[in-house]
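Colleague: Quick note: the sequence shown uses the UniProt record's numbering, first residue 1, plus one each step.
Keep in mind that the hints were calculated from the coordinates and are not lab data.
The reader is advised that the hints may include incorrect statements.
As the list claims (entries may be wrong) - Derived pair list, reagent style DSS-like, types lysine-lysine, alpha-carbon separation capped at 25 angstroms:
1) LYS18 to LYS40
2) LYS68 to LYS18
3) LYS18 to LYS59
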Amino acid sequence: MKPAKEIRVGNIIMVDAKPFIVLRSDVNGSSRTGFTYKWKMKNLLTNAPLENVFRGDDKFDVVVLDKKPVTYSYFADPLYVFMDQEYNQYEIEEENLGDALNYLKDGMECEAVFYDGKAISVELPTTIVRQVVYSEPAVKGNTSGNVLKEAKIENAIESKRHTVQVPLFVSQDDMIEIDTRTNEYKRVIRN
């Protein structure tokens with residue numbers, strides 16, 4: 001059991017016997033009056049958001065989740081199927097994948113996150129490389145400052161095509177590196 005003052009963003013804690021991930025933490029108060037912690041959390045089983053305020057001495061069970069390397073296999077409506085090295089298949093619901101849906105690609109390696117023996121979500125690599133499948137051409141003369149445009153990137157499900165803000169010089173069919181945590185363009189990959 002850890003007191004609220006030791007819980008950090010990204011920790012998984014048990015609240016009312018349900019696992020929640022702490023997404024944001026705001027601290028209020030003083031050492032004289034005591035601190036309160038306002039947390040924005042997400043239920044790992046249902047993806048339901050929760051905001052709550054706790055005192056600094058409230059205690060929580062911190063959960064360490066199991067992770068296993070898996071590969072994205074296919075979409076079996078409404079489940080996404082991943083496979084490990086022993087050919088075990090894990091089905092994960094769309095709402096539990098969150099932003100990972102934007103980057104999934106056939107054969108993509110990632111880590112399945114398990115709670116109580118059940119795969120509940122996946123963690124993507126920090127950076128990935130994707131091909132730009134559509135981008136507007138640059139407008140001549142529009143090069144002052146840091147001008148960006150939208151580019152659609154390849155992924156497994158065409159209806160989930162995702163856009164990333166890229167510099168004007170990036171064109172269709174370019175391979176770009178993207179930070180999956182922030183959805184930011186990093187660089188163009190040249191051969």
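Colleague: Please go over all the hints and tell whether each is borne out by the structure.
Modeller: Evaluation of the provided hints:
no., hint, result
1, LYS18 to LYS40, "holds (15 angstroms)"
2, LYS68 to LYS18, "holds (22 angstroms)"
3, LYS18 to LYS59, "holds (15 angstroms)"
Of the numbered hints given earlier, the model fails none.
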